[in-house]
Structures are given as structure tokens and as C-alpha cells.
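J.: Kindly generate the complete structure, drawing on both the sequences and the hints.
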Amino acid sequence: MRVVSQFENDLLRILQGVVSRAPIDQFRSQLVRKQLRPKCLGRDAVELIEQSLAAGLVMRMTRSGAWQSGRHLRAGRLVQGNLWQRTPPHELGLSFSAASIDLLVDLTVTQNCDSMPSRVANSNQAAIDCTLGDRVLQYCIAHATAELPLLSEWYRQEPLISNELIALAMPDRYAAAEAFAVLDFEAWMTGTKAIMLEALQPEFGESMLRLGHLKSQLADPGQVEQLGIHEDRVFNAYLTAARKQRRPDLCQFILVAGNQLLSNTTSVRQWFPCLDVSKLNVSQRAATYRSGASLPRAICQIGDWHRESRSIGYFDEGYVESQWLKSCWEQVGGNQLRQQAERVLKELDVQA
Amino acid sequence: MSRAYRVTVKESARRVIRAEDCVRTQLEVLGLLPCEQMAELLAIELTQLGFLREGGQMIRDEGKVRTMIDLASGMVDLSAVEDQDLELERKKSGMTRDDRGQTRKQVEEILKQQLAHEIDEGVERSQGELQQQITDKLESVLRDLRSELDHACNRATAAALKIKAAQMGQIKEMMEDPSSGSLTIVVEL
Numbered sequence: 044m045r046v047v048s049q050f051e052n053d054l055l056r057i058l059q060g061v062v063s064r065a066p067i068d069q070f071r072s073q074l075v076r077k078q079l080r081p082k083c084l085g086r087d088a089v090e091l092i093e094q095s096l097a098a099g100l101v102m103r104m105t106r107s108g109a110w111q112s113g114r115h116l117r118a119g120r121l122v123q124g125n126l127w128q129r130t131p132p133h134e135l136g137l138s139f140s141a142a143s144i145d146l147l148v149d150l151t152v153t154q155n156c157d158s159m160p161s162r163v164a165n166s167n168q169a170a171i172d173c174t175l176g177d178r179v180l181q182y183c184i185a186h187a188t189a190e191l192p193l194l195s196e197w198y199r200q201e202p203l204i205s206n207e208l209i210a211l212a213m214p215d216r217y218a219a220a221e222a223f224a225v226l227d228f229e230a231w232m233t234g235t236k237a238i239m240l241e242a243l244q245p246e247f248g249e250s251m252l253r254l255g256h257l258k259s260q261l262a263d264p265g266q267v268e269q270l271g272i273h274e275d276r277v278f279n280a281y282l283t284a285a286r287k288q289r290r291p292d293l294c295q296f297i298l299v300a301g302n303q304l305l306s307n308t309t310s311v312r313q314w315f316p317c318l319d320v321s322k323l324n325v326s327q328r329a330a331t332y333r334s335g336a337s338l339p340r341a342i343c344q345i346g347d348w349h350r351e352s353r354s355i356g357y358f359d360e361g362y363v364e365s366q367w368l369k370s371c372w373e374q375v376g377g378n379q380l381r382q383q384a385e386r387v388l389k390e391l392d393v394q395a
Numbered sequence: 002m003s004r005a006y007r008v009t010v011k012e013s014a015r016r017v018i019r020a021e022d023c024v025r026t027q028l029e030v031l032g033l034l035p036c037e038q039m040a041e042l043l044a045i046e047l048t049q050l051g052f053l054r055e056g057g058q059m060i061r062d063e064g065k066v067r068t069m070i071d072l073a074s075g076m077v078d079l080s081a082v083e084d085q086d087l088e089l090e091r092k093k094s095g096m097t098r099d100d101r102g103q104t105r106k107q108v109e110e111i112l113k114q115q116l117a118h119e120i121d122e123g124v125e126r127s128q129g130e131l132q133q134q135i136t137d138k139l140e141s142v143l144r145d146l147r148s149e150l151d152h153a154c155n156r157a158t159a160a161a162l163k164i165k166a167a168q169m170g171q172i173k174e175m176m177e178d179p180s181s182g183s184l185t186i187v188v189e190l
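Top line first, the protein sequences correspond to chains A and B. Heads up: the first sequence at position 241 corresponds to 284 in the working numbering, and the numbers run straight through without jumps. Heads up: the second sequence at position 156 corresponds to 157 in the working numbering, and the numbers run straight through without jumps.
If you are wondering where the hints come from, they were derived from the structure by calculation, not from laboratory data. A couple of the hints might just be wrong.
Unchecked claim - Quick list of the computed label-pair ranges, beta carbon to beta carbon:
#1 D78(B) to H256(A): 26 to 36 angstroms
#2 S74(B) to S321(A): 31 to 41 angstroms
#3 N155(B) to T174(A): 53 to 63 angstroms
#4 S74(B) to R386(A): 19 to 29 angstroms
#5 L191(A) to P35(B): 51 to 61 angstroms
#6 A230(A) to S180(B): 56 to 66 angstroms
#7 E29(B) to Q327(A): 21 to 31 angstroms
#8 R120(A) to D178(B): 43 to 53 angstroms
#9 C36(B) to T174(A): 48 to 58 angstroms
#10 D178(B) to R386(A): 15 to 25 angstroms
Unchecked claim - Straight line, CA to CA, 25 angstroms or less: simulated BS3-like cross-link-like pairs of lysine-lysine:
#11 K11(B) to K93(B)
#12 K322(A) to K65(B)
#13 K93(B) to K106(B)
#14 K113(B) to K92(B)
#15 K369(A) to K287(A)
#16 K389(A) to K322(A)
#17 K389(A) to K138(B)
#18 K163(B) to K173(B)
#19 K322(A) to K138(B)
All C-beta atoms in this analysis are idealised placements derived from N, C-alpha and C, irrespective of residue type, glycine included.
T.: Here is the structure:
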């Protein structure tokens with residue numbers, strides 16, 4: 044039998060809630076309870092944390108989308124099946140460092156929008172030392188606590204500010220940040236990092252739908268612009284990296300989410316039904332509307348890739364990628380989707 | 002018995018206020034022919050809409066709104082500027098117990114500051130109203146401009162198609178439906 048303290052019990056409850064995608068109410072009380080930082084964690088607690096991370100994150104990634112059968116590109120070849128069918132086991136391992144334990148302890152201690160502890164805040168080393176497992180855990184924590192303003196200050200500091208997964212799924216978290224971190228999506232286009240992106244495709248798609256809904260609720264043009272700046276920054280970096288590393292399959296979630304968001308759009312006004320631009324002049328309105336159109340622009344960019352892929356022959360470089368893109372494009376009704384996206388951009392371009 | 006004296010201060014200001022607004026968009030012109038030829042075809046269509054040519058640009062003025070189209074890039078710039086001469090005069094009164102001396106000067110100073118503040122507010126209000134007028138004018142031009150320019154681009158594209166078809170071979174048949182905008186060209190190669 045394992046024995047843990049009250050603090051360690053709360054930490055484990057939070058970790059369980061995070062990795063099992065449980066509703067926030069199941070571990071909200073542990074998150075907001077005032078706690079004193081212990082000097083160290085017990086051996087039993089550490090072993091339980093290790094087990095939760097090892098087994099829990101695997102289940103988490105499986106539920107997120109790893110179970111789904113899909114077609115992806117690996118080193119210029121097409122592989123099919125769910126994640127463990129198309130990936131040998133030795134490529135699926137995640138390692139964790141002390142940064143994960145520290146983050147969990149900080150999460151358990153922190154109460155109501157506190158800043159990160161000073162030993163972690165403003166520490167570039169905190170970002171450099173993070174393993175892939177640490178990054179995935181940070182993302183899972185951000186995803187699980189999305190409804191709470193609990194960590195709002197944490198997103199402006201390392202290591203969360205430079206977590207590419209969080210930036211991709213939740214660009215709105217950084218909308219109030221004063222400084223931008225450099226996002227290196229190229230490193231995520233190969234190896235085990237790319238495999239994590241494959242597994243999270245459905246979740247990224249859900250995030251895009253959430254962002255679309257969020258934007259439709261915004262009334263303040265300034266907020267729309269801020270969000271648009273971050274979205275554009277993230278999309279541009281991601282699409283550039285995917286293009287360079289020839290991984291169009293990792294952009295599938297943009298097409299799928301775009302299909303859902305644009306197919307129901309009969310009028311451009313549906314994009315910003317609550318937006319109040321009455322106090323803005325025409326040039327400010329145009330800038331606001333343009334900044335809110337990151338998704339249609341991303342779709343058009345992928346559409347350009349598709350157009351180029353039509354001229355890639357069997358013996359040309361990038362043939363397999365072009366074939367994948369053509370088949371995916373057809374599956375999502377890409378031509379119609381692009382027309383919708385262009386129509387939205389055209390109407391938003393000069394929208395008064 | 003002490004008396005109260007009325008102090009009256011008058012301030013006037015003359016300002017020139019300016020309001021401007023602009024927006025930019027892009028024409029969609031298909032590259033059926035070389036850039037210069039497409040530009041010429043577009044220029045012909047835009048001339049019929051009242052645009053005047055100035056070098057590589059087509060310009061049209063509608064009141065305070067200027068529309069400029071760059072023929073090479075297809076960039077459309079709409080801008081509206083208006084200046085207004087503003088004359089504001091304000092008067093304010095206060096009371097003081099001292100007809101001459103420090104107290105009267107203080108009251109005058111306070112009244113002048115209040116007047117200056119009121120004049121600034123008046124200027125700001127007039128600026129806002131002028132800005133709104135300019136924005137409304139630009140909006141009304143914008144509303145019709147998009148469809149006007151789309152039609153012009155379509156006609157330029159149709160003209161380009163005819164030239165291209167003639168370059169490819171002999172035109173056997175040409176059918177044009179102005180109501181739907183469709184154009185069918187049969188070419189013998």
C-alpha cells in the first residue's frame with residue numbers, strides 16, 4: 044500500500060484529471076486550494092506520478108486522436124493505420140524531466156492567477172531543459188485548465204510561452220502577452236514530435252472551432268486584432284515549417300475545421316456578429332476584419348500547395364506528398380472550401 | 002457690506018481640422034495576356050466608368066473621395082480627406098468679492114482654463130463629426146465600387162479572351178450573353 048500526504052494526494056488528483064481529460068470540476072477544488080510547498084515529495088508519490096505520466100499520457104494521446112486510423116507521411120513514404128500501427132514502439136517513447144514534477148508542484152501550490160515561482164519565471168533554461176514529454180504535459184495542463192483564469196500569467200513566461208503545442212491550439216492565451224517567443228515548428232515536423240502532432244490533429248481541429256466561436260463572441264475590435272496577430276503568427280510559422288519539411292498531412296486539421304466553420308457561413312457578418320465597429324473609420328474596420336481572417340488565409344495557402352501538387356509527376360521530388368495532398372483535398376471538398384475561403388476574404392477585404 | 006462682482010471671460014479660437022480615411026483592396030485580373038496588354042484593356046473599361054488616366058494609374062474623384070487604381074498591380078486605393086475651418090467662441094462668467102486685485106485675477110485664470118477645456122472639447126467633437134461624415138462618404142462610394150470594378154474586370158477579361166482566341170487560331174464562332182456574362186468562343190486551331 045502506498046502512503047501519500049494531503050499535498051501529494053492533491054497533486055496526483057490534478058495529474059489524473061489532466062491526463063484523463065476529466066471535467067475541470069472534478070479537480071477544481073485541488074487547483075484552487077491554498078497549499079504550502081513541501082520541502083520534497085515522498086518516494087511513493089514520485090512513483091505514482093511516474094506511473095500516471097507513463098500510462099496516463101499514453102491514454103490521453105490515444106483518446107485525443109491516436110486511436111483514429113489515418114494516412115500520414117513519414118520520410119517520404121505513406122503510412123496508414125492508427126498511431127501504434129504506423130509507428131514502431133521505440134519511436135513512441137516520451138521522457139520526462141524534473142521540469143514536469145516542478146510544474147505539477149507549482150500547479151498544486153499556485154492559487155488564483157499567481158505568477159510562476161521566481162525560480163522558474165523568466166528562466167530561458169526552463170524552456171531549454173524541457174523534454175518532449177514535459178512539453179506534452181504542459182500542453183495537457185493548458186488544455187485541462189482552459190476554463191480557469193488560473194494560469195493566465197504563466198503563458199507570458201517560460202516554459203509555457205515557447206510551447207509550440209499550446210501556441211498552436213490556444214493562440215488566444217498569448218493575446219495579452221507583451222513579448223512573443225520564437226516558435227520553432229520545424230523541429231516538430233520530424234521524429235517523435237511529429238508523431239505527437241499526428242495524434243493531436245483532431246484536438247487541434249476542435250481548438251480551431253473553439254477559436255471561431257470565441258471570435259464570433261468578441262465585440263471589441265482591439266481584441267479581434269490582438270487575437271488575429273497571434274493566430275497569423277502561429278499559422279504562418281506552422282505552415283512554413285510544414286511546407287519546408289514536406290508534411291502537409293500535419294495541416295489536415297486546418298482543412299477539416301475550415302470545412303465546418305466555412306460551410307455554415309452564408310454571410311460574412313456571421314463571422315463577427317457581435318463586433319462593434321461603429322466608432323471606427325473604414326480603414327480601421329478593414330484592418331480589424333482582415334486580422335480576423337487567419338483561417339481562410341491558411342486554407343488558401345494550402346490550396347496553393349494543392350495547385351502546385353497537380354503538376355508534380357511520378358518521378359519528381361515530393362510525389363508521395365503531392366498524392367497525399369490531392370487525395371485529402373478531394374476528401375474535404377477542397378475546391379469548394381477554397382472558393383468559400385476566397386469569398387470570405389474578398390468580402391472581408393473591403394467590409395464597411 | 003461686501004459686494005459681489007461678476008467677472009466675464011471670453012475666449013475664441015480658430016482651428017483647421019482635418020479628417021481622413023482610406024482603404025485598400027485588390028482587383029482580380031486574370032493573366033490571360035501579358036501584363037501591359039491586360040493593363041490597357043482594363044484602362045479602356047475604367048475610362049468608361051469615368052476614370053482618368055495619369056501615367057500607370059486610373060483616378061476618379063467623387064466629391065471628397067478619390068479612387069486610384071494601379072493598372073500594373075491591380076491595387077485599388079480609396080481615400081477621402083476633408084479640411085474644415087473651425088471658429089469657436091465661448092464666454093464664461095463667475096463671481097468675485099474683489100473687483101481689483103488677486104482674487105479677481107484668480108477667478109479670471111480659473112475661468113480661462115475652463116474655457117480652454119471647453120474649446121478643446123468643442124474641437125474634439127467637431128473632429129469626431131467631420132470624421133464620421135468622411136467615413137460615411139467613403140462607405141457610400143465603397144458600396145457601389147466593388148460591383149462596378151468587378152464588371153470592369155469581367156469585360157476586360159472577355160476582351161482578353163477574344164484576343165487570346167484570335168492568337169491561337171481562327172475564330173469560327175463567338176457567342177456572348179451580356180445578361181449572364183457568359184462568353185463562348187469556338188476556335189479552329
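J.: Indicate, hint by hint, whether the structure satisfies it.
T.: Right, here's what the structure says about each hint:
Between D78(B) and H256(A), the C-beta spacing of about 35 angstroms keeps the proposed range 26 to 36 angstroms intact. For S74(B) and S321(A), the hinted distance range of 31 to 41 angstroms is satisfied, since their beta carbons lie about 32 angstroms from each other. Restraint check, N155(B) to T174(A): a C-beta distance of roughly 58 angstroms satisfies the suggested window 53 to 63 angstroms. At roughly 22 angstroms, the beta-carbon separation of S74(B) and R386(A) lies within the given 19 to 29 angstroms, and the hint holds.
Checked against the given bound of 51 to 61 angstroms, the beta carbons of L191(A) and P35(B), roughly 60 angstroms apart, stay inside it. In this structure the supplied range 56 to 66 angstroms holds for A230(A) paired with S180(B), their Cβ-Cβ distance being about 57 angstroms. Between E29(B) and Q327(A) the beta carbon distance is about 24 angstroms. The supplied range of 21 to 31 angstroms therefore holds. For the pair R120(A) and D178(B), the beta carbons lie near 51 angstroms from each other, so the given range of 43 to 53 angstroms is met.
In this structure, C36(B) and T174(A) meet the distance hint of 48 to 58 angstroms, their C-beta atoms being roughly 53 angstroms apart. As the Cβ distance of D178(B) to R386(A) is approximately 23 angstroms, the hint placing it in 15 to 25 angstroms holds. Our distance criterion of 25 angstroms between C-alpha atoms is met by K11(B) and K93(B), whose separation comes to about 6 angstroms. Straight-line distance between C-alpha atoms of K322(A) and K65(B) comes to about 21 angstroms, which keeps the hinted pair within the 25 angstroms bound.
The straight-line distance between the Cα atoms of K93(B) and K106(B) is roughly 14 angstroms, inside the 25 angstroms bound, and the hint therefore holds. Straight-line distance between C-alpha atoms of K113(B) and K92(B) comes to about 9 angstroms, which keeps the hinted pair within the 25 angstroms bound. Simply put, K369(A) and K287(A) have alpha-carbon atoms about 18 angstroms apart, close enough for the 25 angstroms limit, and the pair holds. Straight-line distance between C-alpha atoms of K389(A) and K322(A) comes to about 23 angstroms, which keeps the hinted pair within the 25 angstroms bound.
Pair hint K389(A) plus K138(B) holds up; C-alpha atoms about 21 angstroms apart against a cutoff of 25 angstroms. Between K163(B) and K173(B) the alpha-carbon distance is near 12 angstroms, which keeps this suggested pair within the 25 angstroms criterion. With a CA separation close to 15 angstroms, the supplied pair K322(A) and K138(B) stays within the 25 angstroms bound.
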